[in-house]
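> Going line by line, the protein sequences match chains R and D.
So for the first sequence, numbering that gives the first Met the number 0 puts the first residue at 0; every next one is plus one.
So for the second sequence, numbering that gives the first Met the number 0 puts the first residue at 0; every next one is plus one.
Calculated from the structure, these hints are not laboratory results.
Simulated restraints, written as ranges between beta carbons of each label pair:
no.: 1; chain 1: D; residue 1: ASP76; chain 2: R; residue 2: ARG49; range: 20 to 26 Å
no.: 2; chain 1: R; residue 1: ASP188; chain 2: D; residue 2: ASP76; range: 43 to 49 Å
no.: 3; chain 1: R; residue 1: GLN84; chain 2: D; residue 2: ALA88; range: 38 to 44 Å
It should be emphasised that the depicted structure is a prediction, and the values quoted were computed from it without experimental measurement.
Backbone N, C-alpha and C fix where the C-beta goes; we use that ideal spot for every residue, glycine too.
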Amino acid sequence: MLRMWRVGLFSVLTLAAAPAHAFIAYVSNEKSNTVSVIDTDSWTVTKTIRVGQRPRGIDFTRDGKFVMVAVGDDDTIQVIDAKTQTVVDSLPSGPDPELFAQDAAGKILYVANENDNTVTVIDLEKRARLGDIQVGVEPEGMTISPDGKTLINTSETTNMAHFIDTSSRQIVANVLVDARPRFAEFKHDSSEVWVSSEIGGTVSIIDPRKHEVIGKVTFEIPGLRKEAIQPVGIGMTRDDKTAFIALGPANRIAVVDVATRKVTKYLLVGQRVWHMAFTPDEKYLLTTNGVSNDVSVIDVAAQKVIKTIQVGELPWGVTIAP
Amino acid sequence: MKVWHLAAMAIALSGTAARAADPRYPDWPCTQAKVPEISLAAVWAGPPLDDVQNKWKDDARISALVAKLSARKTPLDKAEKSVKEFLAASGSDKTANAKLLFAGLFDTLNAQRSQVMNGLERVSRKQREAADKIREETLQLHALQGATPRDEARVEALSNELIWKTRIFEDRHKVVRFVCEVPTTIDQRLFALGRVIQQEME
Numbered sequence: 000m001l002r003m004w005r006v007g008l009f010s011v012l013t014l015a016a017a018p019a020h021a022f023i024a025y026v027s028n029e030k031s032n033t034v035s036v037i038d039t040d041s042w043t044v045t046k047t048i049r050v051g052q053r054p055r056g057i058d059f060t061r062d063g064k065f066v067m068v069a070v071g072d073d074d075t076i077q078v079i080d081a082k083t084q085t086v087v088d089s090l091p092s093g094p095d096p097e098l099f100a101q102d103a104a105g106k107i108l109y110v111a112n113e114n115d116n117t118v119t120v121i122d123l124e125k126r127a128r129l130g131d132i133q134v135g136v137e138p139e140g141m142t143i144s145p146d147g148k149t150l151i152n153t154s155e156t157t158n159m160a161h162f163i164d165t166s167s168r169q170i171v172a173n174v175l176v177d178a179r180p181r182f183a184e185f186k187h188d189s190s191e192v193w194v195s196s197e198i199g200g201t202v203s204i205i206d207p208r209k210h211e212v213i214g215k216v217t218f219e220i221p222g223l224r225k226e227a228i229q230p231v232g233i234g235m236t237r238d239d240k241t242a243f244i245a246l247g248p249a250n251r252i253a254v255v256d257v258a259t260r261k262v263t264k265y266l267l268v269g270q271r272v273w274h275m276a277f278t279p280d281e282k283y284l285l286t287t288n289g290v291s292n293d294v295s296v297i298d299v300a301a302q303k304v305i306k307t308i309q310v311g312e313l314p315w316g317v318t319i320a321p
Numbered sequence: 000m001k002v003w004h005l006a007a008m009a010i011a012l013s014g015t016a017a018r019a020a021d022p023r024y025p026d027w028p029c030t031q032a033k034v035p036e037i038s039l040a041a042v043w044a045g046p047p048l049d050d051v052q053n054k055w056k057d058d059a060r061i062s063a064l065v066a067k068l069s070a071r072k073t074p075l076d077k078a079e080k081s082v083k084e085f086l087a088a089s090g091s092d093k094t095a096n097a098k099l100l101f102a103g104l105f106d107t108l109n110a111q112r113s114q115v116m117n118g119l120e121r122v123s124r125k126q127r128e129a130a131d132k133i134r135e136e137t138l139q140l141h142a143l144q145g146a147t148p149r150d151e152a153r154v155e156a157l158s159n160e161l162i163w164k165t166r167i168f169e170d171r172h173k174v175v176r177f178v179c180e181v182p183t184t185i186d187q188r189l190f191a192l193g194r195v196i197q198q199e200m201e
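Taking the hints into account, I'd like the entire structure generated from these sequences.
Laid out in structure tokens, this is it:
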């Protein structure tokens, strides 16, 4: 009897502990001008927040208190209070902000403004503009090196990855990649930068010290035309062993072995898969699927899609509370 | 005065319709890119369907279900539920039935999509002809208005005709923009149903 009690008590305790693993994901819906809030415990949309026009780039502040979302057609970045889940402020970006990156400390924000070929530098504490950096035509992808010293910005029209020194705010190198570079991601050990090319259909691997392309990931899906394979978002596990690459209208995520740079598996997710985010425990990866208007949940260890969640129209980006 | 305004608008509109984004498809009137056919690999990662081909047509139950699920009037959530129920009740035939059902949906929805796209291109050609006609008649009207002596009856008749033609042109233009969304809606349905079928097979 006593033993049964203990077992009972034990299971109650574990159940009670379960919600501690629940995270909150925010998804920007480009066409419906909303942000969907997803609870990763119930895998349901718990709130839909009205934001400005054409929300795309989205990210939590490092302290987890706010969510920043670039609303391109309103030429600003809105700030959502994660507690009240309402828009409380805005940040001074340039015209048509699409994507942004923040430094490790969460103090400085770099914003790619698609329309005026600049990257705006913003002080996050003061919420004030510090200056602009001139870059290539139609800046798109943005990432910052783990040590915070180098900012990478890709430009859609000139097909380059620009390496910017964050202290001097000057471009120190330009690396030519394949057509329409979209997104850049550093390996956690800083040894490589991966840049996806939407039209070129490849991911270029760049040595960030030598500023040279040292390898390429290519994709092949039987029965699918080359032009339907458009790499965009990239996610890498913390151990730098596995990369996940969103292939747009191929409706698949490619699972890549980072060491060999070869695709090991393709996962059918949703239509026009665009960006992704890991839960902080790295158990799950959430992808935004623009045409099927949903989010796929991938079990990272099993490399399997376990769930689909309907969100707003044209989901673009996703961020998960730290 | 009014007729001038309308005619100018019609010509401006026809310009938009005629400016095809993709040179391979000069008659394609939509801003959405034209993808002539959905490829199987874009929507299906399940077992090969080579052995299935047209066999779904021979199975009365499956072809009836395909017709029901393909109809736009069937709400997508209801359609997904029907797929689950059908496959759950299929027992040991589940994989075979799943393949047949998807092959049927793939053929039917792809055909439905082609029909809509052909219709859009046909209307787009008609619109171009209509725009040419409106442009031509506008010039004629201009000439009539400037002639001395002025034939008021003819000016009046031609003006009315132009107003009428322009109105038809504009209405069609609105309908085209609406119909341009339909191929995507069909893509979404095929993908969503395919995904449910694949999940049920696992």
